[in-house]
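Colleague: Protein chains in written order, with this note's numbering: chain A, 1 to 385; chain B, 1001 to 1131.
Don't read these hints as lab results, they were simulated from the structure.
Source: prediction; values computed, not measured.
Check the hints yourself; a few may be wrong.
Stated by the list, open to error - Taking lysine to aspartate or glutamate pairs in the EDC-like style, the calculated list, with each CA pair at most 20 angstroms apart, reads:
#1 Lys-116(A) <-> Asp-1025(B)
#2 Lys-1011(B) <-> Asp-275(A)
#3 Lys-1110(B) <-> Asp-162(A)
#4 Lys-193(A) <-> Asp-1068(B)
#5 Lys-159(A) <-> Asp-36(A)
#6 Lys-116(A) <-> Glu-1099(B)
#7 Lys-1079(B) <-> Glu-301(A)
#8 Lys-1079(B) <-> Glu-103(A)
#9 Lys-1027(B) <-> Asp-132(A)
#10 Lys-1010(B) <-> Asp-132(A)
#11 Lys-159(A) <-> Asp-1068(B)
#12 Lys-1079(B) <-> Glu-155(A)
#13 Lys-74(A) <-> Asp-115(A)
#14 Lys-1043(B) <-> Asp-132(A)
#15 Lys-1027(B) <-> Asp-252(A)
As the list claims (entries may be wrong) - Chain A is faced by these chain B residues, among others (derived, beta-carbon under 10 angstroms):
#16 Thr-1044
#17 Leu-1045
#18 Tyr-1057
Glycine included, C-beta positions come from ideal geometry on N, C-alpha and C.
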Amino acid sequence: MRPVAILGIGQTQVDEHWEKSLREIGGEAIFAAMNDAGLEKADALYVGNMLSPLVNGQNQLGTFFSDWAGLWHKEAVKVEAACGSGAAAFRAALMAVASGEVEVAIALGVEKMTDKSGRDVTAALATAADADYEVEQGVSFVGLNALIMRRYMYEYGWKHADFAPFSINAHANAVHNPYARLRESITLEQFEKSAMVATPINLLDASPIGDGAAAAVLVPAEKVNALPGRPRVLVTGSASATDTIAVHSRRDPLFLSAAYQSARRAYQMAGVGADEIDVFELHDAFSIMSALSLEACGFAERGQGPRLGLEDQIRVGGRIPVCTRGGLKARGHPVGATGMYQIVEVVQQLRGECGPTQVDGARIGMAQNIGGSGATILTHILAVG
Amino acid sequence: MEIPRHWRLKKQRYALVGEVCPHCDYKIFPPRDVCPNCGDEAKTLYTFSGRGEVFSYTTIYEAPTGFDSMAPYTVALIKLEEGPMVTAQLTDLGDQPVEIGMPVEMVTRKMRNDGDERGVIVYGYKFRRRV
Ligand SMILES: [Zn+2]
């Protein structure tokens, strides 16, 4: 396997893009990434998306976007792993280039969610869970996370307010990200008073959906030179792991074993440990997931994830800055696109393009993308090199 | 909609029929053909008692399509006496609050009205407080 670099990145703002189609938002991200890479052609396109057959009535997104982007006759395919689709597409692109089979690959994450009503989207999102044994009971995707969060609070003695720092940090960082959906800070009081979705999860524990697309161009590292003001960003670690599809089938529903497994393998591949990670874009679809992800990846002891927030360690300048561009909570969570937003944001950090939320001297960054309630988890490590 | 699927699942839904591993005696629900305990093949049917306790619970206010007329309703993770965990709605709750550790038992109830199209009513397991 040869080393791979990320040559270009592109993204659209996460929003309700009523005036734009699935094609247009995906195309925007592809063209932005190609432009950033200074390339006009690519050999292959890997599209991460979850909902297009259910929400947009469109399948075969590989060809759908290669056609739109003018990549005629090229290889193109869609990769699906629920909310983990974006990073799964990125990993497919990475494998293609690393193997020597493809010279220039584009990874695109795209989701257009506002073409259906809210409850239809809720039902579509629930297809990530076990249709026969979870969804049939009327449990929503939020509901599954709520079951985990309630038990976690019971076992470890945390109060709901103890999770507030995750959401407050995400919102504070999103203020400085022009691509974020919710560019406004929130207070502890707002967090505590927000409307209930599925107890104990309220609106400010949960990430908002949205329309969005983000893309990256991957090439062999040997073809890239660092330029003044633009360091070369390498993909040094990549791993994917799975758990049971249903939460109820897990020996320990309070531990993200797929996060543990994929992070461990990514650390190993990159030759780094948790203490060497300068910035971590984690999958804060719900505040409880931030805690579980930090624990599984070695940043906190079991049951102690919320402490990092309460002790101010997750902000820029803290021990492990997370969600530096707003995270899922405030940048927004266009599900199949989210994993690619995380990759793009880590690249921005390593290039030093993050303005007020720039992590000083960031050289190694990590992104972790979760499909379902911990069922598919991909961890990527990027480094300046 | 989806009549064959509902028919196929009736043993599990009406009688909590799962499996027991012939190699290690591990009780399995929902059924799966590879024992999660020892990794061997497990296809022997096993009927669960339907008794268990609440491991966790949530009250759902924003329900998916098909369940919206029932919201708010309470879904729980139930730890069955025989070991496995199952996701199910709690029913007949009355005014008493739900608590983690609360003993429950299985009952058969209407799950949802799939009737937007063909009027199929889906029945299945829910759990109520055991006294
Ligand atoms: Zn066994």
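Colleague: Which of the stated hints cannot be reconciled with the structure, identified by number in ascending sequence?
Modeller: As far as the earlier hints go, 1, 2, 3, 4, 5, 6, 7, 8, 11, 13, 16 and 17 are violated by this structure, in ascending order.
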